[in-house]
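Residue 17 is where the sequence shown starts when you use my numbering, and the numbers rise one by one after that.
Among the hints, erroneous ones may be present.
In silico DSSO-like pairs for lysine-lysine, Cα to Cα no more than 27 Å straight-line [claimed, not checked]:
| no. | residue 1 | residue 2 |
| --- | --- | --- |
| 1 | 287 | 267 |
| 2 | 267 | 302 |
| 3 | 509 | 533 |
| 4 | 302 | 273 |
| 5 | 302 | 266 |
| 6 | 159 | 89 |
| 7 | 89 | 59 |
| 8 | 287 | 302 |
| 9 | 326 | 287 |
| 10 | 287 | 266 |
| 11 | 179 | 59 |
| 12 | 287 | 273 |
| 13 | 159 | 59 |
Read the hints as simulated data drawn from the structure, not as lab findings.
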Amino acid sequence: MFQSIRWRIAIPYVILFMLVMTGLSLYISDFIYHTELNELESKLTSEARLLGGTLEQRIIGEFPSHGLDVLAKEWSDDLGVRVTLIAADGEVVGESNEDRATMDNHLQRPEIQQALLEGMGRSIRFSRTLGADMLYIALPVVKDAEVLGYVRLAIALDQIEAKVSSLRKTILTGTLIATILAILLGVVVAEYTTRPLRDLAKTTQHISLDAHSDQLIPTTVDEVGQLAGAINAMRVQLRAQYGRLDTERKKLVAVLKQLSDGVMIVDEMGKVQMVNPAAQRMFSVKEGDALDRSLPSVVRHHQIIDLWRKCLESGENQVTSLEVPGKHQIFQVEAIPLVHALPGSVLLVVNDLTHLRRLETVRRDFISNISHELRTPLASLKALAETLQESALDDPPAARRFLNRIEAEVDALSLMVQELLELSRIESGKVPLELKPVPPQDLLTSAIERLQLQSENSGIQVQLHCPADLPLVLADPPRIEQVVVNLLHNAIKFTPAGGNITLSAESSEDIILFSIKDTGSGISAEDLPRIFERFFKADRARSGGGTGLGLAISRHLVEAHGGRIWAESLEGHGSTFYFTIPVVA
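Could you put the whole structure together from the sequences, leaning on the hints where they help?
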């Protein structure tokens with residue numbers, strides 16, 4: 017019989033039945049208690065109504081304030097209950113069992129308050145005088161729609177409790193005997209029934225600790241054996257599915273890690289459930305600090321929070337753009353409801369449009385600037401050509417002067433095109449750098465020698481402060497010399513006669529800091545951040561000559577060497593241009 021698992025389940029159900037019967041017996045005893053209580057309450061209520069009617073007929077005028085103790089005692093002897101007569105203000109005017117002179121005002125007693133509000137009051141509470149639980153029933157005495165007082169009957173519940181207690185003892189004794197027998201039987205049955213289950217659990221636990229274990233679960237001839245066989249088959253299938261899921265998970269993780277777009281999943285409670293590295297960088301947060309935290313504490317942008325709420329409420333895709341204050345970043349955020357995959361969750365995809373917007377701005381400025389730069393020389397060429405055609409051809413000296421002007425304008429256009437091509441090649445990385453160790457002093461000296469004649473003609477003194485023992489820099493000498501020449505040429509151009517220009521270099525950790533300082537007119541605070549842009553000229557009238565590309569070329573060349581370039585200036589007090597080049601490792 018015990019070879020079938022159905023019998024192993026049937027026996028515990030017999031025990032369960034015994035427990036249910038025990039509970040039912042307890043319920044019956046409790047039901048009897050409440051039934052007896054309800055009958056007693058109904059009896060006291062009827063007697064209270066009878067006494068109230070009798071008292072109402074005897075009252076002429078107001079409710080007596082004394083002299084009702086004898087009446088209460090008489091009624092108490094007839095009914096076998098405690099009788100208390102209470103005036104409308106709560107004063108006890110008649111008491112069958114106690115000295116009413118020592119009794120408190122009863123107006124606030126729960127049964128009196130309930131009788132006042134509902135027409136009948138009931139209360140069960142412990143009586144310190146009698147040392148037992150008492151049932152109190154109170155009814156108002158009403159005459160001509162006016163409450164004159166209250167009749168309260170009380171009886172001890174010890175008889176009911178004694179009867180129910182005896183019944184409960186009998187039931188519990190039988191239940192205890194049945195429980196002992198059931199335990200003995202259950203131990204024997206459980207030992208026999210659970211032995212193959214314990215073996216199954218032990219093997220399964222071993223497999224759970226080692227997911228790649230090939231150990232099979234032992235089987236028997238009964239239902240447990242069939243279960244073990246099914247688990248073995250399921251384990252093989254689960255291992256295969258787990259392998260496929262693990263592969264898919266790795267693919268998904270790899271894709272999310274490599275995505276340049278930020279990806280976040282937020283549940284319906286606003287908790288972040290997933291965030292990829294791109295989103296962590298965008299919002300300056302670590303994965304451990306973001307998971308299971310509220311969306312507002314992670315992103316701190318109300319536009320994204322509003323977007324998530326709208327998507328959650330509407331169940332439709334939502335898109336918005338926002339600019340991060342201070343960082344000059346522009347994000348496009350799309351909220352997608354995951355209706356089928358993760359109901360209640362929202363996928364937030366954040367595209368960083370900062371670079372695209374910057375490229376658009378650069379393109380727009382480039383077109384505007386180059387149009388401005390080309391318009392002046394082309395207009396001059398057209399005017400000179402028209403003048404030659406109309407009259408200057410008959411005047412050889414004037415014609416020669418116009419031709420010289422045309423040649424100068426063409427040379428300016430050629431220089432601009434050449435510098436544009438140079439800048440384009442540098443930006444695209446098509447200009448290979450031939451890096452080699454170079455003394456910093458050589459780079460500065462070469463540039464000074466190239467522009468020495470120009471500085472002397474302008475009446476400007478150029479000084480060099482560069483220690484000879486500085487570490488060598490890793491640089492392409494012609495390219496860095498081009499940077500120094502551009503900066504020195506600008507310094508000479510904007511420094512008046514009699515001024516000074518100082519070129520210096522100093523070591524700072526693993527770089528060499530170069531500087532070109534002049535005593536010229538300086539650069540306004542408004543123009544200073546833009547001087548390295550293409551075609552930008554601090555000279556608003558663009559009367560100072562040049563193409564406006566020299567500083568842009570210098571910036572790209574320095575950055576290609578792994579350094580950086582910047583300027584400090586105070587309008588009217590000269591300027592200082594700095595750039596750094598890494599030293600030889």
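The hints, checked one at a time:
Proposed proximity of residue 287 and residue 267 is supported: the alpha carbons are some 25 Å apart, at most 27 Å. Only pairs whose Cα atoms come within 27 Å are accepted, and residue 267 paired with residue 302 is accepted, the gap being roughly 22 Å. For the hint linking residue 509 to residue 533, the alpha-carbon distance of about 13 Å falls within 27 Å, and the restraint holds. Taking the CA atoms of residue 302 and residue 273, the gap is near 14 Å; set against the 27 Å cutoff, the hint holds.
In summary, the hint linking residue 302 to residue 266 is supported, as the alpha carbons are separated by about 20 Å, within the 27 Å threshold. Taking the CA atoms of residue 159 and residue 89, the gap is about 23 Å. The hint holds against a cut of 27 Å. Straight-line distance between C-alpha atoms of residue 89 and residue 59 comes to about 19 Å, which keeps the hinted pair within the 27 Å bound. The suggested pairing of residue 287 with residue 302 holds, with an alpha-carbon distance near 15 Å, which does not exceed 27 Å.
Simply put, residue 326 and residue 287 have alpha-carbon atoms about 16 Å apart, close enough for the 27 Å limit, and the pair holds. At roughly 24 Å between alpha-carbon atoms, residue 287 and residue 266 fall within 27 Å of each other, so this suggested pair holds. Among the hinted pairs, residue 179 with residue 59 is consistent with the structure: their alpha-carbon atoms are about 18 Å apart, no more than 27 Å. Pair hint residue 287 plus residue 273 holds up; C-alpha atoms about 21 Å apart against a cutoff of 27 Å.
For the hint linking residue 159 to residue 59, the alpha-carbon distance of about 23 Å falls within 27 Å, and the restraint holds.
In this structure, every one of the numbered hints holds.
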